[in-house]
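Just so you know, the protein sequences line up as chains A and B, in that order. For what it's worth, this note's numbering labels the leading residue of the first sequence as 81, then goes sequentially. For what it's worth, this note's numbering labels the leading residue of the second sequence as 5, then goes sequentially.
No wet-lab data here; the hints were simulated from the structure. One or more of the hints may lead you astray.
[Said to hold, decoys possible] Derived coverage of chain A by chain B (criterion: at least 3 residues anywhere in the stretch with Cβ under 8 Å from a Cβ of chain B; other residues may be distant):
#, stretch
1, 116 to 125
2, 178 to 191
[Unchecked claim] Sample of chain B residues with no beta-carbon within 10 Å of chain A, all distances over it, derived:
#, residue
3, Arg-17
4, Tyr-39
5, Lys-48
6, Ile-80
7, Arg-88
8, Thr-121
[Stated by the list, open to error] Chain B side only, calculated, beta carbon under 8 Å to chain A, not exhaustive:
#, residue
9, Ser-70
10, Glu-72
11, Phe-114
12, Gly-115
The beta carbon of each residue, even a glycine, is placed where N, CA and C say it ideally should be.
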Amino acid sequence: GQSLEQPSEVTAVEGAIVQINCTYQTSGFYGLSWYQQHDGGAPTFLSYNALDGLEETGRFSSFLSRSDSYGYLLLQELQMKDSASYFCAVESQDTGFQKLVFGTGTRLLVSP
Amino acid sequence: NAGVMQNPRHLVRRRGQEARLRCSPMKGHSHVYWYRQLPEEGLKFMVYLQKENIIDESGMPKERFSAEFPKEGPSILRIQQVVRGDSAAYFCASSPPVRLAGASGNEQFFGPGTRLTVL
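Only chain A is shown next, with the shape it has when bound in the complex (with noise of 0.2 Å):
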């Protein structure tokens, strides 16, 4: 089967920059994902890695190493909307192509 590890709460202040990390375990890794979700609302994509290495997308970046099956999503420049959870995904030939198994995702508080 298929498993995602992410810490469940992090804090940080405005302006800071936090890193949530995602590891996880699967069979056929095809890529992975973060998605935002703030309360009562529906979760939006954020980022997509599937090969090695950093993608930046403005203030968010996604990072990922397919040799240590491990990911983190970095925000610089927190302001308080960021405060929401983030989850990470993950794609893979052992979960089926198209479908996504979400992590339990990282609670963010961002105080002033």
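Starting from the known structure of chain A, fit chain B onto it as the hints suggest.
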């Protein structure tokens, strides 16, 4: 360009009743996914459908739950004889028919969800 639409947004049912949840994917999207989310938990995959076909239902409970995506009309997630444990947020997501080249992988677009409460 309307996003993924779900209705109703909130649904209250008594134990034993049926719940019917609807999802209209984004225009041009032919892949639909249903997820269930309990409070303070992640999204649990339930079923993946394409028009008139169930592709993967490995996350669906074997009894009382069914899903369809007809040729015309929205995708429907149907829960028969609901129990209190069915209370959750149910999200629908859609993706385009052709996997887009580039950085987004299988980006899924989520609807606002249906919050089901079973009394």
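Does the closest beta carbon of chain A sit nearer than 8 Å to the beta carbon of B/Ser-70?
Hint violated; B/Ser-70 Cβ to chain A Cβ min 18 Å, cut 8 Å.
B/Arg-17: least C-beta distance to chain A exceeds 10 Å?
holds (20 Å)
Examine the stretch 116 to 125 of chain A for residues whose CB is less than 8 Å from any CB of chain B, and state whether their number is three or more.
Coverage by chain B holds for the stretch 116 to 125 of chain A (5 residues, Cβ < 8 Å).
Verdict on B/Tyr-39 as a residue remote from chain A, using beta-carbon distances over 10 Å:
violated (8 Å)
Interface exclusion of B/Thr-121 relative to chain A, criterion Cβ beyond 10 Å
holds (14 Å)
Chain A contact restraint on B/Phe-114 - CB to CB distance below 8 Å
Result: holds, 4 Å to nearest chain A Cβ.
Does B/Glu-72 pass the interface hint, meaning its C-beta sits closer than 8 Å to a C-beta of chain A?
violated (18 Å)
Going by Cβ atoms, does B/Arg-88 stay more than 10 Å from chain A at every point?
holds (21 Å)
Would you check whether the claim that B/Ile-80 is not at the interface survives, using Cβ distances to chain A and the 10 Å cut-off?
holds (19 Å)
Evaluation of the interface hint that places B/Gly-115 against chain A, nearest CB under 8 Å
This interface hint holds because 6 Å falls under the 8 Å limit.
Are 3 or more residues of the stretch 178 to 191 of chain A near chain B, judged by a Cβ distance of less than 8 Å?
As far as the stretch 178 to 191 of chain A goes, the hint holds, because 8 residues have Cβ atoms under 8 Å from chain B.
Reported absence of B/Lys-48 from the contact zone with chain A (all CB gaps over 10 Å)
violated (8 Å)
Of the numbered hints stated above, those contradicted by the structure are hints 4, 5, 9, 10, listed in ascending order.
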